[in-house]
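Chain by chain, the residues:
There are 2 protein chains.
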Amino acid sequence: MSIKFEKIKTDGDARVGRIITNRGEIHTPVFMPVGTNATVKAMSPDEMKDLGAEVLLANTYHLYLRPGHEVIKHVGGLHKFMNWSGPILTDSGGFQVFSLTPLRKIRDNGVEFRSHIDGSLHFLTPELVMEIQNALDSDIAMVFDECTPYPADREYTLNSLKLTTDWARRCLRVKNQGQALFGIVQGGMYKDLRRQSVEEIIEMDFDGYAIGGLSVGEPKELMYEIINFTTPLLPEDKPRYLMGVGDLLDVLEAVAAGIDMFDCVMPTRNARNGTLFTSQGRISIKREEFKRDPEPLDPECECYTCRNYSRAFLRHLFMCKEILSMRLNTIHNLHFYFNFFRQMRDAIKKNEFEEFRKRMTPILKNNFNET
Amino acid sequence: MSIKFEKIKTDGDARVGRIITNRGEIHTPVFMPVGTNATVKAMSPDEMKDLGAEVLLANTYHLYLRPGHEVIKHVGGLHKFMNWSGPILTDSGGFQVFSLTPLRKIRDNGVEFRSHIDGSLHFLTPELVMEIQNALDSDIAMVFDECTPYPADREYTLNSLKLTTDWARRCLRVKNQGQALFGIVQGGMYKDLRRQSVEEIIEMDFDGYAIGGLSVGEPKELMYEIINFTTPLLPEDKPRYLMGVGDLLDVLEAVAAGIDMFDCVMPTRNARNGTLFTSQGRISIKREEFKRDPEPLDPECECYTCRNYSRAFLRHLFMCKEILSMRLNTIHNLHFYFNFFRQMRDAIKKNEFEEFRKRMTPILKNNFNET
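So the protein sequences, as listed, match chains A and B.
In this text, residue positions in the first sequence follow the working numbering: the first is 1, and each later residue adds one.
In this text, residue positions in the second sequence follow the working numbering: the first is 1, and each later residue adds one.
No lab work stands behind these hints, which were simulated from the structure alone.
Some hints could be false.
As the list claims (entries may be wrong) - Which residues of chain A face chain B? A partial, calculated answer using Cβ under 7 Å:
(1) V34
(2) N37
(3) P67
(4) L121
(5) H122
(6) F123
(7) P149
(8) Y150
(9) E295
(10) S310
All C-beta atoms, glycine included, are put in the ideal place defined by N, C-alpha and C.
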């Protein structure tokens, strides 16, 4: 087995644990920053390490198209390519194929699609997706799945679920040595189909289990309902990963239900757009009131940005569209996320997760930009 | 006096020296990276320090328009604003007013112009330029000058020279306490006018002297002629600054003539465009041949980029327009520049400057992109 999961402590259904990989330990619940093109946007890998990142996510779809997985294999694998020695999880490309590409055609055998970069024609199969992830040499691979859209009727959702199960079986058959493989649960917004998907997927015995097909446009209440229904059905002794969900209010709900792993572009993308997370809520750095403000962005924050720069400077950099603006903002938002996850783990260890959640919820809901 | 200049060694007319400021020593010949908007594009101030930058240049014109000098003064001056504790030289805005702005009108009293950002109307005078530089609290200020364009007839050039002399006198009259002030020599491509400008400017006794109005479109031979004619006319015991010239072939010519200080956007702008300086000449990182190349950009280089990343990765980042591409390329090019200047200083100390120049010239002329 290429990874080992240890549950350390539970608080209700919330859990603290660790995933031991050949490239380092991951403390859960964990936030995995997204490094789409083999780099977390605006960051260097050294900065990611300093910030406390324990695992990065890279996108199989993007790296397959550019520079090509055989290029990355040729130069020694993804870790060497991007100069990151810690664990890497690669997604399967399923989400991107279904959301980014024009003219996709789903066949039983795989998916035909055109590249969003140059329009070239490609055909991804479960076997090819495993071959790509083998070439990348990531520590955790994901099975190829169809991310069921929202809304989708029962018939579409059932067919999508069956395809995902079939593809999961094919991925498992060609599982790469030394690489963990996670199964993905689909089933849309239908609880019985979610249960069916869980049963079919866990029967195959993967190294971990992901819930896919959420945060795809459905109302929050519905998402929470599916999270709370599906998570307890997953084995307790394996890592549980909620794909693509990263709004911290959603994270609190999911951790309470027993989820261990998250990924999302929210902190990094928001940073580049000038939206920053603080101990008082969310703010937009471009607001006129910050023009002459000598205070740090968040006086309670200890990140590099808050220790060294004023709101006035951060606003100025943003208005000038300086690259340093995106860098400093990204450092701050990622620090906020890592700190939030550390606090969650501490709270679970102390049996205080519900108190933590109650304390953080109004702050997370506070949006200065709307006041 | 706010700065002190010491000549340490000469080799022909080339000289090694140091400028002692309240914020640190500057070893000359020195390259001053350009931090237009209070940041060297793509870099953090800590990275600039690690690279060996001893002085940064900031643009008075840009900072006057955005965020405004009174904002920077309010938050504690430019050093604190941008988190750079070393020396800063601010230009006077003359070059930008004449090159960037639409609808400028030169009057005896100053220059009326419209902002290149929002079209707003402004009037810069020598006194205001000194007030702005006082608010910024830079270590070395420049007098307000008219940068004579090329080509310009004798009459225009003479009038421009007279205006520059008049404005220099007015700047000196309101010289800021604790801030060095450099005079600027104009005179276009007319040797007798260059001599006249030198005589008028050095008579006023500035802390250093700059040659302006070069690298404005004239042929290289003509630029070299004016550099070689003008430089020896400047006092030996003061720093000599050749404004806006940074092509390293030109730098070699100017250092041979006795110039001490340089600024230029060339290493940083080229980096962002993917053009990189190496020990074998200039290359464009986007070339197809680098797609699978596992070697560092320049095997002889010891910069962070070359120690940690392959050409294949650098090409990939550039093709993806990733921010990390601009960062890693800028680190490399600035390292190349600082290393080049260190080698020049070492060569002068060993009386080997001409040998160094002969060795470097073919490398600097080598451009792989044209082969």
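Hint check against the structure, violated hint numbers in rising order: As far as the earlier hints go, 1, 4, 5, 6, 7, 8 and 9 are violated by this structure, in ascending order.
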